[in-house]
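So the protein sequences, as listed, match chains U and P. When the letters of the first sequence are read in order and numbered with this note's numbering, they come out as residues 240 to 569. When the letters of the second sequence are read in order and numbered with this note's numbering, they come out as residues 407 to 679.
What the hints contain is simulated information worked out from the structure, not anything from laboratory work. Using N, Cα and C, we set each Cβ at its ideal position, and we do this for glycine too. Hints are supplied without guarantee of correctness; some may be wrong.
As the list claims (entries may be wrong) - Derived EDC-like pairs: lysine to aspartate or glutamate, alpha-carbon spacing no greater than 20 Å straight-line:
(1) U:K401 - U:D418
(2) U:K493 - P:D572
(3) U:K493 - U:D356
(4) U:K523 - P:D452
Unchecked claim - Computed, partial: chain P to chain U, Cβ under 10 Å:
(5) Q413
(6) C431
(7) G456
(8) F457
(9) V459
(10) S628
(11) T631
(12) T647
(13) A652
(14) L661
If you want the building blocks of each chain, they are given just below.
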Amino acid sequence: MNGPNSAPLDTRVVIGSAVLRNPTIAASGCYNRGAEFGAIVDVSRYGAVTLKSITRHPRLGNDMPRIATTPAGMLNAIGLQGPGIEYFLTHEAPKLTSVPTAVIASVAGFTVDEFADVAAAMDGLPNVVAIELDVSCPNVDREGECFAAEATSLARVVEAVKSRVKLPVIPKLMPNVADLKPIARAAQEAGADAVSLINAVRGMVIDVVRARPMLANRSGGLTGPAIRPIAVHAIWEVAQTITIPIIGIGGVEKGSDALEFLFAGATAIGIGTANFRDPLVHVKVTEAIELEMQRRGASSVGQLTGLAHPGFAGKPGARGAPVATKETQA
Amino acid sequence: MPTTSPQLQLATITSREYRPPGFWCVSIRCPDIARTAGPAQYVALDLPGGFAVRLPLGIFTVKGDDFTVLFQEWGERTTRLAHAAVGDSLTCIGPLGNQFSPPKRSGHAILAGGGLGVAALWLLARDLRAHDVKANIVIGARSADRLVGVRDLARHGFDVEVCTDDGSAGFAGTVVEKVRALRRPDVIYACGPRAMLRALCDHAEREGIDCQISMEETFGCSLGTCWGCVVPVRRGSAQGTSYPRASEEARDYDLARVCADGTVFHAKDVVWV
Numbered sequence: 240m241n242g243p244n245s246a247p248l249d250t251r252v253v254i255g256s257a258v259l260r261n262p263t264i265a266a267s268g269c270y271n272r273g274a275e276f277g278a279i280v281d282v283s284r285y286g287a288v289t290l291k292s293i294t295r296h297p298r299l300g301n302d303m304p305r306i307a308t309t310p311a312g313m314l315n316a317i318g319l320q321g322p323g324i325e326y327f328l329t330h331e332a333p334k335l336t337s338v339p340t341a342v343i344a345s346v347a348g349f350t351v352d353e354f355a356d357v358a359a360a361m362d363g364l365p366n367v368v369a370i371e372l373d374v375s376c377p378n379v380d381r382e383g384e385c386f387a388a389e390a391t392s393l394a395r396v397v398e399a400v401k402s403r404v405k406l407p408v409i410p411k412l413m414p415n416v417a418d419l420k421p422i423a424r425a426a427q428e429a430g431a432d433a434v435s436l437i438n439a440v441r442g443m444v445i446d447v448v449r450a451r452p453m454l455a456n457r458s459g460g461l462t463g464p465a466i467r468p469i470a471v472h473a474i475w476e477v478a479q480t481i482t483i484p485i486i487g488i489g490g491v492e493k494g495s496d497a498l499e500f501l502f503a504g505a506t507a508i509g510i511g512t513a514n515f516r517d518p519l520v521h522v523k524v525t526e527a528i529e530l531e532m533q534r535r536g537a538s539s540v541g542q543l544t545g546l547a548h549p550g551f552a553g554k555p556g557a558r559g560a561p562v563a564t565k566e567t568q569a
Numbered sequence: 407m408p409t410t411s412p413q414l415q416l417a418t419i420t421s422r423e424y425r426p427p428g429f430w431c432v433s434i435r436c437p438d439i440a441r442t443a444g445p446a447q448y449v450a451l452d453l454p455g456g457f458a459v460r461l462p463l464g465i466f467t468v469k470g471d472d473f474t475v476l477f478q479e480w481g482e483r484t485t486r487l488a489h490a491a492v493g494d495s496l497t498c499i500g501p502l503g504n505q506f507s508p509p510k511r512s513g514h515a516i517l518a519g520g521g522l523g524v525a526a527l528w529l530l531a532r533d534l535r536a537h538d539v540k541a542n543i544v545i546g547a548r549s550a551d552r553l554v555g556v557r558d559l560a561r562h563g564f565d566v567e568v569c570t571d572d573g574s575a576g577f578a579g580t581v582v583e584k585v586r587a588l589r590r591p592d593v594i595y596a597c598g599p600r601a602m603l604r605a606l607c608d609h610a611e612r613e614g615i616d617c618q619i620s621m622e623e624t625f626g627c628s629l630g631t632c633w634g635c636v637v638p639v640r641r642g643s644a645q646g647t648s649y650p651r652a653s654e655e656a657r658d659y660d661l662a663r664v665c666a667d668g669t670v671f672h673a674k675d676v677v678w679v
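If we strip away everything but chain U, and leave its shape as in the complex, we get:
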């Protein structure tokens, strides 16, 4: 057991070749470089921050309104507003040297080539340790079906990106699919170094005064604690299907939520909308994980991963969850 006099806890986690100082990761679209949050909290207490997704061309994004508040969460439809990769490389990338923690770049695209080209341009930028793929965009080559909705499309994107970059590649899976397991398996077989899940859940709010959808885009992505049980279940299922690390994302707002994710099989914890309520959420989550490590005598965070699965071996350093059992029905 780690007592008061034992060595400091090792909170590091490994995602492919990337070593993060702790398992908390600011989720894409909610934090970017952390510059805005840096004025009020210590961004270096994050294990990593994920940049806002970058596309090949500049995008003005969706019309307003883009945000609606919902019970225990928020609906958003920003529409991938961003400067495009060229402007990003000249104006934004140089600022990455001042980010006080590891950076995960996020790439969005509408074709396989766009993903590969933009990811290749991100490979090797200062502080960038991994590349997340926002594969929930519609695939224009396949009548707008989302890349992450179908195993073959997803595999093609992952393979194309892997062939062009050295950094770990992390596709971000979406929950709006009939079965996440074959999609996660396709990601792993295509060479993904980890998966992050879940992306926002599709939702809608109707303005009853105007009798029209609240958002200009009509539908949006639901985030916040409202989607947390969906995320826990997705992590649980995928952890029984693949062996690469899982970055669990979806409604984490406190330490016990992060423990649910770890026990379900996550290696690291993405935190998004909760930053908008409590900018100290990452510090609280890390401290809760440290306490749990002490309580369970764990020498690494990885020993907490997958603990909720029946038959979990609990080997030191193991990623966690056992592979494929009949316990997949929840």
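Chain U is fixed; fit chain P onto it per the hints.
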């Protein structure tokens, strides 16, 4: 337009006042925010209880270590704040947003507030009084019972004219009509419903008057990171996105974040779509 550095603060509710038919004025003790807040700045409040993103509210009045927020009980977050008890603690991030720029000394200003838009004008009136600026304050609402903040604004000693759409109090007509009838000012400051702001900007542009408006949108993060609360601004405007436009982009404007680039914009920069 000046900005200040926001801070995450623990604060305490020190008083709450119901103002029928559904408005509240809640006083919050938070010395660092009360003592540094400028005109049109806001705070992002987190209320104890179930999850909600922070509630952004304009800083209305300031007295010593306390500031007040003026709001309508409407959704979940405003209901929670309205019914919090004196002595309850909450956290605030603030002061957030840019500020109205003061006019030249001894100029003449009109301050126009529609509905809860008056909340952005109290600190401005205080500062204009200190700057020796002459000002008319025009406050409007649909009807007399929905006029709010009039006696608070009157405390600075400026003329306050009220307008109601139905004529149940003061001038029978809109804030914009009243402003048009007043002596031409050097600057118009305004906060209120979108239609009022648009009409005032048109008026100011026609007359060549400097006009600054504090805008409102639904915020996500309140800090400038999520891009949920954008408004269209003239291409090349200092507050907008400076990056290039895609060739297939039909919309000929840049976007600015109300929460972080605003809330105050120059009328000449705002694109009404």
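These are the hints, each one checked on the structure:
no.	hint	in the structure
1	U:K401 - U:D418	violated, 24 Å
2	U:K493 - P:D572	violated, 50 Å
3	U:K493 - U:D356	violated, 37 Å
4	U:K523 - P:D452	holds, 16 Å
5	Q413	holds, 6 Å
6	C431	violated, 23 Å
7	G456	holds, 6 Å
8	F457	holds, 5 Å
9	V459	holds, 4 Å
10	S628	holds, 7 Å
11	T631	holds, 5 Å
12	T647	holds, 7 Å
13	A652	holds, 4 Å
14	L661	holds, 6 Å
Checked against the numbered hints above, the structure breaks hints 1, 2, 3 and 6 and satisfies the rest.
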